[in-house]
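Chains as they are written, first to last, in our numbering: chain S, 1 to 116; chain L, 1001 to 1112.
If you're looking for bench data, these hints aren't it; they were derived computationally from the structure.
We treat Cβ as the ideally placed atom computed from N, Cα and C, and that holds for glycine.
Among the hints, a few may not be true.
[Said to hold, decoys possible] Which bits of chain S does chain L cover? Going by a derived footprint, with three or more residues having C-beta under 8 angstroms, they are:
#1 84–93
#2 103–115
[Stated by the list, open to error] PhoX-like cross-link-like pairs, simulated, lysine-lysine; straight-line CA separation at most 25 angstroms:
#3 S:K9 - S:K40
#4 L:K1003 - L:K1054
#5 L:K1054 - S:K40
#6 L:K1069 - S:K38
#7 L:K1003 - S:K41
#8 S:K22 - S:K53
#9 S:K53 - S:K41
#10 L:K1069 - L:K1052
#11 S:K53 - S:K40
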Amino acid sequence: DTEVTQTPKHLVMGMTNKKSLKCEQHMGHRAMYWYKQKAKKPPELMFVYSYEKLSINESVPSRFSPECPNSSLLNLHLHALQPEDSALYLCASSQEGVGGSSREQYFGPGTRLTVT
Amino acid sequence: LAKTTQPISMDSYEGQEVNITCSHNNIATNDYITWYQQFPSQGPRFIIQGYKTKVTNEVASLFIPADRKSSTLSLPRVSLSDTAVYYCLVGPSSGSARQLTFGSGTQLTVLP
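So that you can see chain L by itself, here it is in the shape it has in the complex (with noise of 0.2 angstroms):
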């Protein structure tokens, strides 16, 4: 399973671009970035997934470099309702539950 690396906690403001950087420097070829969002006594919820290069959906964006070692996730203009655990995860796209393995997570503080 590739290692993932995130920041501990980001603090931002409202009205802010947020971007939080994943370092998975042992992705496998098949590996795919998946990126959750969890609020305080919830469960976590799917943001984004991606492969490489760019992808966008209603809620963030997801940057890949060509050499796959990094990802960041792209909020646009948070909210204090952003303020939550990020989560970014590596592995195949689909297959054995072990594989979606959560690591530490970032907890971004959304301030006034």
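Isolated chain S (complex conformation) (with noise of 0.2 angstroms):
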């Protein structure tokens, strides 16, 4: 099982609302990863887990949270957002050695977020 999962596929939230997206796989991958793609723009890095701990928070706004419940599963809080924070959000992994994280990450097919 080579997938990433996403969801929800799609999210419309208020500026004032809660709400959390979730990223599941089951490779066995320890390294796992928070980007953030606006329209016709590459993928930016915002977080980046290791063993389950954060090791790379990419000056996120606090209003992102991150969170690694265990090695399969990892969760991205939003909490009063802004218009501005609308795009696709990518989840990936890859598997993590003494060398760091592999260059082969795998991404799942993000959840498009629109902010109102």
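Assemble the dimeric complex from its two separately framed chains, guided by the hints.
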């Protein structure tokens, strides 16, 4: 199973709402990532978890809160978002070894988020 | 991080071979070249990775000259379904995820 699943596929939320994005993989990967992608732009790294611990936070605003409950799951909690946060949110995973994270990342299909 | 430069867009016809070149003049000794493909509204998909000379898999070939300052992704006999954005990335073969930075990418459009 080389699939990364993300739910929901689409999400519309108001600026005062609280919602969560979910990501799951069963490849035994110990590195998991959240990326944000705006239209016609490349993905931008937001967070990295390594062995269920947050290892990289790319100066993301606190209205985005990641969580890694176990080695297969990754959540992104959203609160008080702004319209400019509307984007495709991608989850990815990769093997983690002595040398660090593999360059072969497996991406999910993403969640299309619209903030109104 | 090595900066990469790719053409913004390319057009091709079905059945042709497509070569997408990526320039990375300040590539470091321990850097590898990695290519990803992304279809609209989907996550990127790893295509191929190489260090020098030539690497081939079932999807593509990657040509890297001796000076490693550029690389060429070759897609044989493209079809309409190969229409996608192709990203070239340069960095160590493993390590900090910060070193995996997506550049602007090349929009490949395959025409019938």
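Hint check:
no.: 1; hint: 84–93; in the structure: holds (count 4)
no.: 2; hint: 103–115; in the structure: holds (count 9)
no.: 3; hint: S:K9 - S:K40; in the structure: holds, 19 angstroms
no.: 4; hint: L:K1003 - L:K1054; in the structure: holds, 21 angstroms
no.: 5; hint: L:K1054 - S:K40; in the structure: violated, 30 angstroms
no.: 6; hint: L:K1069 - S:K38; in the structure: violated, 29 angstroms
no.: 7; hint: L:K1003 - S:K41; in the structure: holds, 16 angstroms
no.: 8; hint: S:K22 - S:K53; in the structure: holds, 17 angstroms
no.: 9; hint: S:K53 - S:K41; in the structure: violated, 28 angstroms
no.: 10; hint: L:K1069 - L:K1052; in the structure: holds, 10 angstroms
no.: 11; hint: S:K53 - S:K40; in the structure: violated, 31 angstroms
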